[in-house]
Amino acid sequence: MSARRLNRGAGLGLGIAMIWFSLLVLLPLAAIIVKAAGGGASTFGHILTESETRDALLLTVKVSILVTVLNMVLGTLIAWELVRGKATGARGAGRVAEWVWGKVRVVIDLVIDIPFALPTIVAGLVLLSLYGPHSPLGLHWAPTTQKAILVAIAFVTLPFVVRTVQPVLEELDTDVEDAAASLGAGRLTILRRIVLPALLPAIFAGASLSFARGLSEYGSLVLLSSNSPHRTETVSVRLFAFIEQSNTASAAALATILLVVALLAIVVLDLVQRRVASHE
Amino acid sequence: MKSIKVTAALVAVGVLALAGCGSSSSASSSKGTVNVVGFSTMEQPNQKEFAAFNATTAGKGVKLQGAYGASGTERDAVLGGQPADEVHLSLEPDVAKLVTAGKVAKDWDQNSTHGICTNTIVTFGVKSGNPKHITSWDDLLKPGVQIVTPDPGSSGSAKWNLLAAYGAYLQETGSAAGAAADMKKFLGNVVAWPSSGRDATTAFENGTGDVVLSYENEIIQARAAGQSIDYVDPSTSLLIENPCAVTTGASKAATDFLDYQKSAAGQKVYVSTGFRPLPSVNVGSVGTVQGAMDPSNPFPTITHLLTIDKDFGGWATADSKYFDETNGILTKLKAAYSK
Numbered sequence: 003m004s005a006r007r008l009n010r011g012a013g014l015g016l017g018i019a020m021i022w023f024s025l026l027v028l029l030p031l032a033a034i035i036v037k038a039a040g041g042g043a044s045t046f047g048h049i050l051t052e053s054e055t056r057d058a059l060l061l062t063v064k065v066s067i068l069v070t071v072l073n074m075v076l077g078t079l080i081a082w083e084l085v086r087g088k089a090t091g092a093r094g095a096g097r098v099a100e101w102v103w104g105k106v107r108v109v110i111d112l113v114i115d116i117p118f119a120l121p122t123i124v125a126g127l128v129l130l131s132l133y134g135p136h137s138p139l140g141l142h143w144a145p146t147t148q149k150a151i152l153v154a155i156a157f158v159t160l161p162f163v164v165r166t167v168q169p170v171l172e173e174l175d176t177d178v179e180d181a182a183a184s185l186g187a188g189r190l191t192i193l194r195r196i197v198l199p200a201l202l203p204a205i206f207a208g209a210s211l212s213f214a215r216g217l218s219e220y221g222s223l224v225l226l227s228s229n230s231p232h233r234t235e236t237v238s239v240r241l242f243a244f245i246e247q248s249n250t251a252s253a254a255a256l257a258t259i260l261l262v263v264a265l266l267a268i269v270v271l272d273l274v275q276r277r278v279a280s281h282e
Numbered sequence: 119m120k121s122i123k124v125t126a127a128l129v130a131v132g133v134l135a136l137a138g139c140g141s142s143s144s145a146s147s148s149k150g151t152v153n154v155v156g157f158s159t160m161e162q163p164n165q166k167e168f169a170a171f172n173a174t175t176a177g178k179g180v181k182l183q184g185a186y187g188a189s190g191t192e193r194d195a196v197l198g199g200q201p202a203d204e205v206h207l208s209l210e211p212d213v214a215k216l217v218t219a220g221k222v223a224k225d226w227d228q229n230s231t232h233g234i235c236t237n238t239i240v241t242f243g244v245k246s247g248n249p250k251h252i253t254s255w256d257d258l259l260k261p262g263v264q265i266v267t268p269d270p271g272s273s274g275s276a277k278w279n280l281l282a283a284y285g286a287y288l289q290e291t292g293s294a295a296g297a298a299a300d301m302k303k304f305l306g307n308v309v310a311w312p313s314s315g316r317d318a319t320t321a322f323e324n325g326t327g328d329v330v331l332s333y334e335n336e337i338i339q340a341r342a343a344g345q346s347i348d349y350v351d352p353s354t355s356l357l358i359e360n361p362c363a364v365t366t367g368a369s370k371a372a373t374d375f376l377d378y379q380k381s382a383a384g385q386k387v388y389v390s391t392g393f394r395p396l397p398s399v400n401v402g403s404v405g406t407v408q409g410a411m412d413p414s415n416p417f418p419t420i421t422h423l424l425t426i427d428k429d430f431g432g433w434a435t436a437d438s439k440y441f442d443e444t445n446g447i448l449t450k451l452k453a454a455y456s457k
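Residue numbers (my numbering), protein chains in the order written: chain A, 3 to 282; chain B, 119 to 457.
These are computed hints drawn from the structure, not numbers from a lab. For every residue, glycine included, the Cβ atom is placed at its ideal position computed from N, Cα and C. Mixed in with the good hints, there may be bad ones.
[As the list claims (entries may be wrong)] With beta-carbon atoms standing in for the labels, derived distance ranges:
# : chain 1 : residue 1 : chain 2 : residue 2 : range
1 : B       : Ile347    : A       : Trp103    : 24 to 30 Å
2 : A       : Gly42     : B       : Gly405    : 42 to 48 Å
3 : A       : Val262    : B       : Gln200    : 56 to 62 Å
4 : B       : Asp256    : A       : Glu52     : 49 to 55 Å
5 : B       : Gln289    : A       : Ser44     : 36 to 42 Å
[Claimed, not checked] The list that follows gives simulated cross-link-like pairs (lysine to aspartate or glutamate, EDC-like), each with its CA atoms no further than 16 Å apart:
#  : chain 1 : residue 1 : chain 2 : residue 2
6  : B       : Lys450    : A       : Glu179
7  : B       : Lys215    : B       : Asp437
8  : B       : Lys178    : B       : Asp377
9  : B       : Lys250    : B       : Asp348
10 : B       : Lys450    : A       : Glu52
[Unchecked claim] Computed footprint of chain A on chain B; a stretch qualifies when at least three of its residues, placed anywhere within it, have a C-beta under 8 Å from a C-beta of chain A:
#  : stretch
11 : 180–191
12 : 233–247
13 : 302–310
14 : 313–322
15 : 443–453
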């Protein structure tokens with residue numbers, strides 16, 4: 003009796019999950035691929051041989067990889083400071099320093115999600131005023147350099163690694179680290195042998211999210227990038243151009259190529275993570 | 119086994135429910151509502167136009183609803199089934215696609231304004247005080263001058279700008295080769311290709327470039343809103359003509375609104391927002407226009423005003439000749455010479 007009820011419950015859950023997932027994800031994905039396939043192999047060939055689209059694709063992939071690596075390092079560092087920062091940052095600096103750091107941490111913890119909350123077009127506008135021709139920082143990167151694109155994508159993807167690593171770090175029991183320390187392990191050894199292996203899956207999960215987001219970023223680049231062919235035009239802008247020209251076959255083909263690249267990246271990241279994990 | 123049946127039943131119910139949603143939401147709009155689908159620039163001018171139309175006998179009690187976006191995007195939205203009683207797009211080929219799909223009658227342009235509702239010209243937006251003294255198309259070719267113009271690939275409205283440049287250089291040099299040589303310098307000076315006219319203006323306002331190629335009415339509108347941007351009408355420019363049409367089966371209210379837009383009264387409202395009055399409509403004195411460089415003489419005569427029909431053989435010819443994705447003259451020049 004109880005087994006049957008469990009079955010029914012599981013069936014219901016599975017049913018709801020499948021409908022939701024199908025309608026939201028599988029159906030649009032299938033539609034894109036069907037549309038792209040309708041254009042035939044020649045559409046794919048045409049896109050990949052056309053230098054403007056190829057350069058846009060290469061630029062986007064290059065920047066996304068750079069940003070992802072950056073996020074894996076800096077995102078982990080920020081998460082570490084948010085969770086463990088108190089212990090190391092203010093050690094011996096007295097109660098006031100500790101109190102101040104506590105407040106700062108709360109603020110950073112709140113602000114870190116801003117890139118998610120801010121409409122990306124606004125992010126683009128803000129970044130343009132900071133890194134554009136009127137830059138108060140003296141950094142005239144936007145809109146004509148690829149650095150501006152890097153900054154924009156780094157901005158919108160910042161929270162991914164931080165937010166995947168942070169909860170894992172919070173749950174991580176310090177007992178094991180203490181035990182290792184008491185057995186004579188140095189801090190680097192503890193970090194390398196105990197902490198990092200536990201964080202790896204989270205870091206890589208954040209990395210794949212960040213890479214995929216970087217590939218598809220559009221809003222913040224509308225104003226921040228000059229969209230000059232071969233130099234600062236990203237693939238999402240190219241895609242938008244195809245759509246505006248009613249060239250939906252090319253748009254669908256390019257979207258499919260992007261999907262494949264994202265999928266490849268996720269697989270590669272997963273393999274690397276397993277590889278690294280098994281070496282530990 | 120049981121769980122599979124439950125799942126299957128659930129999937130079926132879910133799909134049916136959704137199908138139900140689909141059919142119930144497609145109820146037609148009520149008699150008194152006119153859905154106007156326009157290209158992005160029309161959003162603010164139309165608010166005034168709607169209010170003025172509502173104050174007329176024909177327009178009393180008619181509810182006007184506007185939806186705006188890039189011309190091509192709105193065209194595709196209407197093709198995709200977005201409710202539209204009237205379309206007001208940036209360029210004719212977009213309406214032509216709606217005609218092909220049967221959304222707009224074939225004879226939409228057989229009337230006194232040839233299907234045009236609003237017109238303006240291509241102008242140079244410059245920084246306040248025009249520090250680089252940009253007044254002519256030749257000035258745009260000087261080394262170090264930075265041009266911002268929307269991308270004709272992603273913004274249909276940007277085609278007007280590039281055609282104006284090409285037309286001006288063609289007229290000056292008198293040959294396609296001369297125009298191509300000038301376009302090479304011009305394209306080399308373009309520092310940004312934003313996706314739309316609006317994005318181009320915003321990027322320019324935030325410091326990108328020395329000059330933005332734009333619509334005269336857009337800059338007048340921006341100045342009226344308090345932006346510190348000047349503009350210079352070059353002695354050679356292109357008349358930008360925005361087509362409008364009611365969709366097939368549109369209500370009388372929609373036709374009334376279209377007629378009002380083309381009337382002297384309707385044109386005067388558009389003029390107050392920066393559009394030039396249609397040549398075929400006699401609006402009398404245009405009065406003062408807030409935001410114009412000289413509000414009391416808002417629309418100085420352009421010495422050489424090119425038109426798409428007279429100088430480029432009409433959009434049906436020009437669109438493929440200049441902007442074909444692979445063989446268009448301007449497409450090829452842009453691919454070869456833009457940095």
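So, going through the hints one by one against the coordinates:
{"no.": "1", "hint": "Ile347(B) with Trp103(A): 24 to 30 Å", "verdict": "violated (46 Å)"}
{"no.": "2", "hint": "Gly42(A) with Gly405(B): 42 to 48 Å", "verdict": "violated (58 Å)"}
{"no.": "3", "hint": "Val262(A) with Gln200(B): 56 to 62 Å", "verdict": "violated (31 Å)"}
{"no.": "4", "hint": "Asp256(B) with Glu52(A): 49 to 55 Å", "verdict": "violated (33 Å)"}
{"no.": "5", "hint": "Gln289(B) with Ser44(A): 36 to 42 Å", "verdict": "holds (40 Å)"}
{"no.": "6", "hint": "Lys450(B) with Glu179(A)", "verdict": "violated (64 Å)"}
{"no.": "7", "hint": "Lys215(B) with Asp437(B)", "verdict": "holds (13 Å)"}
{"no.": "8", "hint": "Lys178(B) with Asp377(B)", "verdict": "holds (14 Å)"}
{"no.": "9", "hint": "Lys250(B) with Asp348(B)", "verdict": "holds (12 Å)"}
{"no.": "10", "hint": "Lys450(B) with Glu52(A)", "verdict": "holds (12 Å)"}
{"no.": "11", "hint": "180–191", "verdict": "holds (count 3)"}
{"no.": "12", "hint": "233–247", "verdict": "violated (count 0)"}
{"no.": "13", "hint": "302–310", "verdict": "holds (count 3)"}
{"no.": "14", "hint": "313–322", "verdict": "holds (count 4)"}
{"no.": "15", "hint": "443–453", "verdict": "holds (count 3)"}
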